[in-house]
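Novice: Take a look at the letters that make up each chain.
2 protein chains.
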Amino acid sequence: MMDQTDPVGAFMPGPRVKMPGAPEGPIVGLTFAVKDLYDVAGVVTTYGNPDWARTHPPATATAPCIMDLIAAGATLVGKTKTVELAYGLTGENVWYGTPLNPAAPDRFPGGSSCGSAAAVAGGLVDFAMGSDTGGSVRIPASYCGLFGIRPSWGAVNLTGACGLGPSFDTGGWFARSAAVLARVGGVLLPPGGEGALGPLLRVQEAWVNALPGVATALQPGLAAAERVLGPALAIQIAPEGLSAFYDNFRCAQAAEAWATLGAWVEANKPSFGPGVQERFDTARDMPPALAARGRAFRATMQERLRALLAGGAVMAYPTSPASALRLDADGAVQQTIREATMGVTAIAGLAGLCEVTIPVARHDGAPVGLSLVAAPGRDRALLALATRVAEEAGLAG
Amino acid sequence: MMDQTDPVGAFMPGPRVKMPGAPEGPIVGLTFAVKDLYDVAGVVTTYGNPDWARTHPPATATAPCIMDLIAAGATLVGKTKTVELAYGLTGENVWYGTPLNPAAPDRFPGGSSCGSAAAVAGGLVDFAMGSDTGGSVRIPASYCGLFGIRPSWGAVNLTGACGLGPSFDTGGWFARSAAVLARVGGVLLPPGGEGALGPLLRVQEAWVNALPGVATALQPGLAAAERVLGPALAIQIAPEGLSAFYDNFRCAQAAEAWATLGAWVEANKPSFGPGVQERFDTARDMPPALAARGRAFRATMQERLRALLAGGAVMAYPTSPASALRLDADGAVQQTIREATMGVTAIAGLAGLCEVTIPVARHDGAPVGLSLVAAPGRDRALLALATRVAEEAGLAG
Chain A
17 MMDQTDPVGA FMPGPRVKMP GAPEGPIVGL TFAVKDLYDV AGVVTTYGNP
67 DWARTHPPAT ATAPCIMDLI AAGATLVGKT KTVELAYGLT GENVWYGTPL
117 NPAAPDRFPG GSSCGSAAAV AGGLVDFAMG SDTGGSVRIP ASYCGLFGIR
167 PSWGAVNLTG ACGLGPSFDT GGWFARSAAV LARVGGVLLP PGGEGALGPL
217 LRVQEAWVNA LPGVATALQP GLAAAERVLG PALAIQIAPE GLSAFYDNFR
267 CAQAAEAWAT LGAWVEANKP SFGPGVQERF DTARDMPPAL AARGRAFRAT
317 MQERLRALLA GGAVMAYPTS PASALRLDAD GAVQQTIREA TMGVTAIAGL
367 AGLCEVTIPV ARHDGAPVGL SLVAAPGRDR ALLALATRVA EEAGLAG
Chain B
17 MMDQTDPVGA FMPGPRVKMP GAPEGPIVGL TFAVKDLYDV AGVVTTYGNP
67 DWARTHPPAT ATAPCIMDLI AAGATLVGKT KTVELAYGLT GENVWYGTPL
117 NPAAPDRFPG GSSCGSAAAV AGGLVDFAMG SDTGGSVRIP ASYCGLFGIR
167 PSWGAVNLTG ACGLGPSFDT GGWFARSAAV LARVGGVLLP PGGEGALGPL
217 LRVQEAWVNA LPGVATALQP GLAAAERVLG PALAIQIAPE GLSAFYDNFR
267 CAQAAEAWAT LGAWVEANKP SFGPGVQERF DTARDMPPAL AARGRAFRAT
317 MQERLRALLA GGAVMAYPTS PASALRLDAD GAVQQTIREA TMGVTAIAGL
367 AGLCEVTIPV ARHDGAPVGL SLVAAPGRDR ALLALATRVA EEAGLAG
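Those protein sequences? They're chains A and B, same order as listed.
Counting from 1, position 395 in the first sequence corresponds to residue 411 in my numbering; the numbering is continuous, with no gaps.
Counting from 1, position 54 in the second sequence corresponds to residue 70 in my numbering; the numbering is continuous, with no gaps.
Please keep in mind that the hints were generated in silico from the structure rather than gathered at the bench.
Check each hint, because a few of them may be wrong.
Pair ranges (Cβ atoms, derived) [as the list claims (entries may be wrong)]:
(1) 289/B x 246/A: 36 to 44 Å
(2) 345/B x 306/A: 36 to 44 Å
(3) 309/A x 412/B: 34 to 42 Å
Backbone N, C-alpha and C define an ideal beta-carbon position, used for all residues, glycine too.
Work out the full structure, taking the sequences as your base and the hints as a guide.
Specialist: Shown next as structure tokens:
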């Protein structure tokens, strides 16, 4: 953490992985870092946990999405810290150190892609790859005052990336400008999906779920989106309540996390930091009926929300109900905020939607983001929209 | 009106136009009537006004949509009364007599397709063709306790039908059951549009706009729709207010009515019943800037609502904010109800959507309908949905 080249503690300790970008390409000259769950050939992927590192050999190949970025001209300058096995939203890592939140040093950076967010917010790289299962790009982007994207499920190739819940996992990234966020999308996203977007839908539950001060602080951002897309239509998408989104997401995803990682946990009895062990215990003990109920709810939400957004409609709501937690927040507060946060992040998480968060405001001394959320496959159009909204909101390109 | 074969005064006076249906076909055996703005070869189309009748020769050809019904097996048994030049919603006709509302004899039948609604509600025919520019099928269907459809704009061929506002006009029909409504659609509608529908959207403005008793009476109908499509999502589609829908519809449509019919009105100085002359005076004097504003609003609503419904979403709201007016209602009440009604009917009218009204309830001693509204081209799916909702609501097939 005393490293002069990493004042925010974003990178993994030790020698930095480096791969020079191609001499030409759409993102030539940009530097980037990758969350330490993406493989780079010859290096052990730690997945944020020393026991994982100990029990895994060096990667034999670099993840294709990383190779694509390098081939497009970007230079990889390091691997960044992650919450252990990507299973947490605060960004804490007791083994390698919790990165600093450069936008609010007394706060958590948000996770699980904490190091990638810190590296971008600290100006150490131009962009950074994270991953997002239940909010792991969106939340640190909101907390650190960054642009971030959770792409449509399946849009970014996750070969060579450690999985947490494969039917939820997505590869996302962070940038300090909408323009860079979109340029990276031009490399990583499949072609298509550039059609017109609108109308704008103001998702009532998510605004009510946010702290009043957060909702107020985000109004100018929403107004900027309205100047681009026309007046927001208020909609209630979850008569079941956001708590049902949280609870069903949690059950379905926990069962999948155990299916994905449980054998390794059982075989290796790893040491985990606070919270992570408890989450894996819950995952192990998740009753199959609850997981099945969660998957059924997901199917319903996929059908509902994809139909609602199929014509180009864009949902708008606070990325997180609160700004970043203070580092000394107690466990009960953390859990309350976690549940309220995941009720919102589960919207796109369950339905496989694409979501961009825009750092339009601050509340209580820390950043808060406004999310724009579109149908699966609309990623490119959503990034273009985010660029226009950011300009309207007065955020430098 | 004393005619034993027409106790409700639905048909035009004089000899009945009759054309036997083909011996085979999907609607063989059904009888029907047509609003007297559809041409039948050899007969003068009156358009509800004696001066129109006097100044027009007998039709040289039968409207293709009528021929299609006959070719599909239905037998035409007469032409029905219409509000003069289809320009009114109460169903009054001072020249030929206002049809009785068989479902509420002290009330107006609703218009302009008043005779067609009365003929079906009175059991004189199995179905009847009307037309709908600003509510002229939907309102009499709601008032008379019938199923009625305003098809997507352009879905039914209006060749051989008198026009009021060609960019708004649609050919719709009435039936006493959803099954017959759908069978007629099978003949008249273009192929396609049978895809899955949902989610259900409860349009807040239109429910608030309705009399509280009407909104309450329609709740069981909405619940029936929810049993088919899942929980209704509350949405606000008109931050501009329903009054903007009414006002912009009125301005755009009035200018078009004058463009369509003004030359005939000027040349022939027809006698009109109460209200109709005033509406044509307003149409004549409509400032071009207001008409242009109305058309611009329409373009915005088309873009917004078509995008919102493109994936299959279905809006639900009261077809009319009130049950039928009493025959002795004074002019001020009529105008107030007219404006509140057209704020709702203008939603589909402006955006060219398809709308089916289902006679799910009564309020204050008269019927009220629940409308289901879908994207242009979804007519067949909407009719199938209406059949399922009607079954759920306990309406006999």
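Novice: Output the numbers, in ascending order, of every earlier hint that fails for this structure.
Specialist: 2
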